[in-house]
Amino acid sequence: MRGDKLDNVLPLSVVKEGKTVRIVKIIGGGGLVRRLYEIGLLPGVEVMIVRNSGFGPVIIRNNVSGTFCLGFGVAKKIIVEVVS
Amino acid sequence: MSCHESRAGSTLKARQKAIKIGIIGNPNVGKSVLFNKLTKGKAWVGNWPGVTVEKKVGKLTLDGISFELVDLPGIYGLTAYSQDELIARKFLLEGKPEIVIQVTNAINLERNLYLTIQLLEMGFKLVIALNMADLAEKEGVKIDVDGLRRELRTPIIPTIAVKNFGLNQLIETIKEQLDKPAPFFKIDYGPEIEEAIEKIRRLIDSPIRRLGLKIDPRWLAIRLLEDDNDIVQRLRDMGFEDIVSEARHIRDELQAQLNESVEVLIIEKRYEYLLNLSRKYVRRKTAEKSLTDLTDGLDKVLTHPILGLMVFVSILYLLFKFSFDVASSLTEVIRVTFSQHIHDLVKNSLHPEFISSLFVDGVLNGVGTILIFIPNLLFLFIGISTLEDTGYMARVAFLSDRLMNRLGLSGRAMIPLLIGFGCNVPAVMSTRVLGSDRERRLSVFMIPFMSCSARLPIFLLLTLAFFRENQLIVILSMYFLGVFIAVLTALLFNNLFYRKQVAGYVMDMPPYLNPSIRNILAKSWERIRSFLMKAGTIILLMSVVIWVLSVTGPEGYIGPEALRDVELLSRSWIASFSRFLEPLFKPLNWDWRIIASLSFGFIAKEVVVSSLAVLYNVGVESLPTVLSDSLTPLAAYSLMTFALLYTPCMATVATMRNEVGLRYTLLMVLYQLLIAYTAAYLILSIGGMVI
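Those sequence lines, one after another, are chains A and B. Read left to right, the first sequence gives residues 3 to 86 (the numbering used here). Read left to right, the second sequence gives residues 15 to 705 (the numbering used here).
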């Protein structure tokens with residue numbers, strides 16, 4: 003898992019508002035990963051960053067999941083690559 | 015499927031008993047609205063996640079068949095991650111509903127289908143209400159309902175619950191489904207996982223058959239592969255320890271073979287399946303008049319770190335202004351009508367004096383106290399319900415996240431705290447949506463310091479007597495003091511017990527919706543009704559009990575004159591009990607009558623004012639004058655502080671016990687008494703030095 007070859011990956015928590023990203027991987031324990039998967043946030047899925055002040059929760063959206071607010075701690079654990 | 019035999023033969027039998035139907039769905043899909051429409055308005059709804067914290071039951075009768083509808087908490091899946099999911103699953107496993115209605119949001123159907131798959135895997139007879147069909151159309155979402163219906167072998171009915179659209183068809187479909195068998199549904203998880211599922215299924219199949227359990231063995235096998243703690247525990251409790259460990263062994267082997275987490279793989283397979291469904295049956299084109307655009311526009315301001323906070327504070331101010339100012343004239347009307355006209359009427363028409371006194375001084379005083387509350391509560395509830403139904407509450411959670419993080423809580427904990435200003439009981443209950451036990455306990459500890467509407471009459475009365483000029487400021491100072499102590503409490507307990515950061519959380523942000531006035535009124539009325547039933551009966555009862563304890567004493571019956579004669583009253587039971595406590599409150603300089611009223615306040619804070627009225631033998635309207643003769647303003651302020659902070663009412667304590675257990679509840683009750691006493695004493699002594 004540490005061997006992700008992509009070099010433009012970064013945690014969701016630092017991505018600017020308005021960008022679209024693709025989820026690469028979710029770090030963390032069972033409960034959280036399961037919950038994110040359940041609402042459709044799993045590797046390969048694209049999401050748009052609606053609101054991110056950089057130090058608080060992040061609001062994201064896509065067609066499958068709708069709009070969600072992710073706590074800062076969660077956003078840090080979602081590793082993404084910027085698509086546009 | 016093996017867990018649900020065909021009901022064709024059992025329909026007659028079923029008709030004699032109510033047929034159980036579970037209503038389930040993601041948060042914010044209009045599930046509670048649908049439930050209310052079907053049951054003709056017995057439960058209330060909200061537009062922020064998790065309003066349905068406890069399952070609500072309603073009745074529906076059709077052509078002589080009676081149905082029992084159970085409204086379940088809004089959840090995303092059945093993995094038992096939060097308390098809500100556990101409640102929902104417990105009902106599905108133990109309540110054995112005959113049919114499950116899944117309410118789905120047509121705008122983001124895919125996310126909803128994840129739950130659908132899990133329900134079908136469990137072997138339920140499902141009816142899907144494709145709700146918000148109109149909004150989906152506006153968003154440019156087109157769903158091939160027939161195709162999806164065929165593929166899932168499950169009836170799907172487009173509905174717009176708020177407009178009653180599709181509800182008749184939904185009901186018809188439910189009736190049709192009664193006699194049909196559950197559909198066969200199976201996801202292919204790929205050869206390796208399927209092999210493991212089959213191995214575990216064979217292990218549990220015959221023991222389950224032997225016990226006559228109506229659980230699908232394949233579903234159980236999948237749950238075991240996903241390492242579902244709740245299921246593991248259940249099987250252990252049934253004495254299947256060997257099966258559990260064997261299943262674990264199979265799982266570990268599979269994990270080693272695939273070199274990845276089995277549960278993640280299983281969820282991925284489900285998504286693969288449903289994204290495939292989505293590709294086939296859901297079309298999206300650019301929306302013409304998008305709700306998302308409107309929501310985004312509003313959110314630019316409302317979730318802005320500075321502007322949003324300013325709007326939030328203004329809304330909060332307006333909410334309280336609205337509920338207190340608008341209500342005050344109504345309150346006045348009730349007060350005057352009650353304390354003068356009805357009072358005199360009853361007094362003059364009832365004989366003998368004993369009976370007349372019981373009614374006037376006991377019952378009527380109690381009823382008056384309850385009625386005086388109604389306008390304030392009604393407007394507060396209307397305000398809160400409106401905020402909930404527009405979807406604004408989720409933004410409040412977003413905005414307060416950073417602030418709450420400092421207390422070791424997530425933004426979502428703000429909602430129970432705000433509800434606490436209305437009533438602590440629903441506030442404590444609504445902490446269930448919070449992820450971790452730690453977060454739930456912390457917010458439950460904070461809630462009692464949120465000054466609920468029952469404490470307001472105490473403040474109103476005392477400020478009327480002592481701070482007539484600065485009434486609003488003094489009352490606001492009470493609210494702020496409460497919040498301040500709540501914050502200190504959270505910091506203290508978090509550092510003492512947990513020293514931990516906030517656990518991750520995920521929260522649905524519903525689009526802004528135009529709230530339906532009918533819904534808001536229905537919901538507010540429901541809340542008022544539950545206040546009347548719960549608090550009202552206690553207040554009434556206590557008013558009578560106080561009356562009895564005042565007209566009788568250790569020497570026996572004293573007579574209603576005791577209420578007019580302090581000399582006589584001091585021989586009553588109430589006086590002896592309070593005198594017994596008097597030394598304890600010596601530092602606070604309290605009269606035994608105040609102690610007596612506050613002790614009754616433990617039963618319900620609402621009765622503090624009415625018992626003061628009874629004990630000083632005046633109507634509530636002239637109580638301020640009487641009190642200003644016997645207390646100093648400083649003592650009054652210290653008394654208000656004590657009333658604000660001491661043990662919440664019995665109903666809150668009972669709810670706390672349910673939510674966090676007896677140990678923490680007792681700890682909290684003692685802690686609050688200590689805090690209240692200390693604060694009251696400090697105000698009295700420090701204030702005394704300053705003045």
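Hints are computed from structural coordinates only; laboratory data are not their basis. These figures come from a predicted structure and were not determined experimentally. In this text, a Cβ means the ideal position worked out from N, Cα and C, and glycines have one as well. Possibly wrong hints are sitting among the right ones.
Pairs of lysine-lysine, DSS-like flavour, derived with a Cα cap of 30 Å [said to hold, decoys possible]: (1) B:200 with B:228; (2) B:156 with A:21; (3) A:27 with B:51; (4) B:314 with A:21; (5) A:21 with B:34; (6) A:18 with B:228; (7) B:73 with B:51; (8) A:27 with B:361; (9) B:194 with A:18; (10) B:228 with B:294; (11) B:194 with B:156; (12) B:152 with B:104; (13) B:194 with A:27; (14) B:194 with B:70.
Just so you have them, the derived chain A footprint on chain B, three or more residues with Cβ under 8 Å [to be verified]: (15) 85 to 93; (16) 109 to 123; (17) 279 to 291; (18) 401 to 412; (19) 520 to 531; (20) 569 to 577.
Evaluated hints:
For the hint pairing residue 200 (chain B) with residue 228 (chain B), the CA-to-CA distance comes to about 18 Å; that is within 30 Å, so the pair holds. Restraint check: the Cα-Cα separation between residue 156 (chain B) and residue 21 (chain A) comes to about 26 Å, which is no more than 30 Å; the hinted pair holds. Annotation: proposed proximity of residue 27 (chain A) to residue 51 (chain B) is violated, straight-line Cα distance about 43 Å (limit 30 Å). At most 30 Å may separate the alpha-carbon atoms for a hinted pair to count; residue 314 (chain B) and residue 21 (chain A) meet this at roughly 16 Å.
Between the alpha carbons of residue 21 (chain A) and residue 34 (chain B) the distance comes to roughly 47 Å, so the proposed pair goes past 30 Å and is violated. Restraint check for residue 18 (chain A) and residue 228 (chain B): the C-alpha separation of about 51 Å exceeds 30 Å, so the hint is violated. The hinted pair formed by residue 73 (chain B) and residue 51 (chain B) meets the criterion: a straight-line CA distance of about 11 Å does not exceed 30 Å. For the proposed pair residue 27 (chain A) and residue 361 (chain B), the alpha carbon gap of about 76 Å is over 30 Å, so the pair is violated.
At most 30 Å may separate the alpha-carbon atoms for a hinted pair to count; residue 194 (chain B) and residue 18 (chain A) exceed this at roughly 52 Å. Between residue 228 (chain B) and residue 294 (chain B) the CA atoms are separated by roughly 34 Å; this puts the pair beyond 30 Å, and the hint is violated. A hinted pair counts as satisfied when its Cα atoms are at most 30 Å apart, and residue 194 (chain B) with residue 156 (chain B) qualifies at roughly 29 Å. A distance of roughly 37 Å separates the Cα atoms of residue 152 (chain B) and residue 104 (chain B); the hinted pair therefore is violated under the 30 Å criterion.
Proposed proximity of residue 194 (chain B) and residue 27 (chain A) is contradicted: the alpha carbons are some 43 Å apart, above 30 Å. The straight-line distance between the Cα atoms of residue 194 (chain B) and residue 70 (chain B) is roughly 27 Å, inside the 30 Å bound, and the hint therefore holds. Here the stretch 85 to 93 of chain B counts 3 residues with a CB under 8 Å from a CB of chain A, which clears the bar of 3, and the coverage holds. Only residues whose beta carbon comes within less than 8 Å of a beta carbon in chain A count, and the stretch 109 to 123 of chain B has 3; three or more means the coverage holds.
Given a C-beta distance limit of less than 8 Å, the hint that chain A covers the stretch 279 to 291 of chain B holds, as 4 residues qualify and 3 suffice. Here the stretch 401 to 412 of chain B counts 3 residues with a CB under 8 Å from a CB of chain A, which clears the bar of 3, and the coverage holds. Counting residues of the stretch 520 to 531 of chain B whose CB falls under 8 Å from any CB of chain A gives 6; the rule of at least 3 is met. With 0 residues having a Cβ less than 8 Å from any Cβ of chain A, the stretch 569 to 577 of chain B misses the three-residue criterion, and the hint is violated.
Consistency note: the structure conflicts with the earlier hints numbered 3, 5, 6, 8, 9, 10, 12, 13 and 20.
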